[in-house]
Amino acid sequence: MHTIWIIAKRELYSFFYSPIAYIVYVLFFFLAGLFFMGILSKFAEYISMTPNAELEHSSLFRYYWNDMLVVLLFLLPALTMPLLSEEKRSGTLELLLTKPITDWEVVLGKYLGVFLQFLIMVAGTLLYVLVLFFVGEPDLMWIATTYLGVLFVGASFLAVGLFASSVTDNQIISVIIGIVLLLVFWLVQFFASMVGLGIIEDFASYLSLASHFESFGKGLLDAKDIFFYLSFIVITIFMTVRVVESHKWR
Amino acid sequence: MAERKKKPAPTKKHHDSHESTKMQSVEPVPESETVDIMPPQGNSSSWLANLRLTLEGFFGMRQTQHGMNFGILLISVLGIAILLNVIVSKHVVWQKDMTQRQLFSISEKSIQVLNRLNDKPIKAIAFFSYGTPDEQIQEARDLLDMYKRYYDNLEYEVLDPNTNPILAKEYKLTRDGVIGLSYEGKKELVSSTDEASVTNALVKLTSDKVYNICFVAGRSADLTLDNGYSGLQAYVERDNYTIESIFLLGKDTVPERCDILLLPSGDGDLQDTEVAALRNYFNNNGKALFLLNALDPVNNFAAVLNDFGITVDDSIIVDRQAQYYASPLSPILQEYNSEHVITRNVTPQMQLNTIRRVDIATDTTEGITTDWLLKSGAQSWAESSYDTLMNGEGGSASLDEDAGDVRGPVTVAVAAESNPGTPADSAAAPGAKTRIVVVGDNDFLRDDFIRNPMAYPNTDFFMNVINWLAEEEDLVAISPKDRQVAPIVLTASQGNVIAIIVVIVMPLIIVFFGLGLWLVRKRS
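If you read the protein sequences in the order shown, they are chains A and B.
Numbering-wise, this note's numbering puts 175 at position 175 of the first sequence, and it's gapless, one number per residue.
Counting from 1 along the second sequence, just add 250 to a position and that's the residue number in this note's numbering.
There could be a bad hint or two in this list.
As the list claims (entries may be wrong) - Calculated lysine-lysine pairs in the DSSO-like style (CA-CA distance at most 30 Å, straight line):
1) A:K9 to B:K436
2) B:K370 to B:K422
3) B:K422 to B:K340
4) B:K398 to B:K422
5) B:K398 to B:K459
6) A:K88 to B:K459
Treat the hints as calculated values from the structure; they're not laboratory data.
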């Protein structure tokens, strides 16, 4: 555990000395702010123009994160792209693997490091929650549940991004692989519904990362959604560890 | 021809690093040890042996073994994960609603109703026209998702009735923004996107009982079910009721097949025998909707309704400011009781004409619960003098409280319900209820009103009344969710300040932080 934390800290520090961090963060907060203002204005207008409108203020974050998660789908692979691919390219991965640390510790350490970077991004959006407390009457537990869903989805995105980073030594290719994989898991439900093949459509819908976020957006904790995200993250990390391990016998 | 030189016999030579790399001849291998690569034709066992060797060589490679281990492990782990997810999704139905007001979970009562459906398929269609706000459609989706979570065999979709006219006709749709439910060949329309309405609709779909509405004719020759109220038939049949016309004149009892009575006023008042029949009917937990127009004789109606703490007087509502058809006698109603299930979701645009004041008696009647449903505006009043009104449609009438006028808002519709087992001399079975709704107008359900597409709130109100009157004893009341109606207080200047902070200031803070860190690093 200590080793994992050391690797994570190292990743975090090196991230904040890299210009990529600031490009990603500035882009994220700029878009996040724009989206928030757009939705806030739309809510305020709808409520003011519809007599007795029954619109829950807390549902604002549900709609907000439905849009922002698509932005993260493109941004988070940029955070994960150097984690393993840069190490492979520079040859430091082999060196790292010769150290007395396990492959799991390497991967989990890097994952934890990038997850902390993501956590900082999400923490910045709590300012918008504060704004809603000033202008409306939000339900704190509902919003907290929505944010828990955002963390689960983000963690899943990061796991896929880390896996993509492990299969290539080229960062650009790593980003592309990550985005493509995430798009597949985000849109699989949509494509399956176009084909419309009963049980296959149900299975594909279950695999969709987007479909499991819906309950969190409504302030609901659902066992099947939590289990899905946890198993998705574990499987993806497992695959990443196996890919890292394969460097020893290739 | 020159003779070809014979090549010398091959001799053993030692390899020397300085020698050329020309291939050296080797000692021939004894025949017994040779293995032909290309077996002679027809020798399959040799070919198989070679294949075996090739495969052994391939699978013996370290990379292949590691790769296969990887693949097998991955498939095993994926298989276990899929299996566990299937088990959890099908058998672990755990869900916690974290919202303060439990907005996205259905009640135990609704779950009980779903359990009675015996896992048979239910189809739900939410009809929303193009242009409906997303929030409204999402509300319907959320509602149906709630039910789907507990009942797998519910399928729903959102459709535009304009592009699906055949389906709209099948459900006898008169407007959009409604949910159509279909179960075992029966159809039910739900006009309100709330749990109580959907669950009650499900109860009706699973119930074999068909409620019969009896239109009590005889008050006016020109106002009968077939002439003047014929449009109601389509609405009631759409919700699995039947309707017929009966006469109570000369009868001392209401026919047993009448689950609900519909009593419009007319040129003549109730006869004494009719009054006795009605009292007997209500003593046996009858249910009725009274439509008492202003200017009609209603003394005997009033006597029956007085038993339930409902007062009916000879007044007419006048409103010079908010009115339909430029007539002060067609006031726009301003207040709809949002606490009562009948009026909670009715669009506040009902169109009534020549309305009588109907109110709750000041002395409460024991064992009876009475609620107001509709009120006129504060600027209106109940005019007690018909003579004044006869002069030019109320144009010269004015509020005169000393003369008996009642200042607005004035109640024009009420609902009364007896508590189970009362009145004390009731012959009703314990748990049964008498329910009565009185509206001070009989025009709003006439054909010339309800044919107007904009008058759909009139028929919505009517069907809500019928559904409330028909409430079965096992249809327990489901409390409506306490929905939020507070505004988001955001002035233009506040909006600008917030926009500047979140869109510009926050990203700039990050830029400056990064620059600061870079400068510190550069100096050190």
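Hints and how they fare:
1. Proposed proximity of K9 of chain A and K436 of chain B is contradicted: the alpha carbons are some 64 Å apart, above 30 Å.
2. Distance check on the hinted pair: K370 of chain B and K422 of chain B sit about 23 Å apart at the alpha-carbon level, within 30 Å; holds.
3. Between K422 of chain B and K340 of chain B the alpha-carbon distance is near 36 Å, which puts this suggested pair outside the 30 Å criterion.
4. Between K398 of chain B and K422 of chain B the CA atoms are separated by roughly 25 Å; this keeps the pair inside 30 Å, and the hint holds.
5. Annotation: proposed proximity of K398 of chain B to K459 of chain B holds, straight-line Cα distance about 26 Å (limit 30 Å).
6. With a C-alpha separation of about 74 Å, the suggested pairing of K88 of chain A with K459 of chain B is violated against the 30 Å cut-off.
Of the numbered hints stated above, those contradicted by the structure are hints 1, 3 and 6, listed in ascending order.
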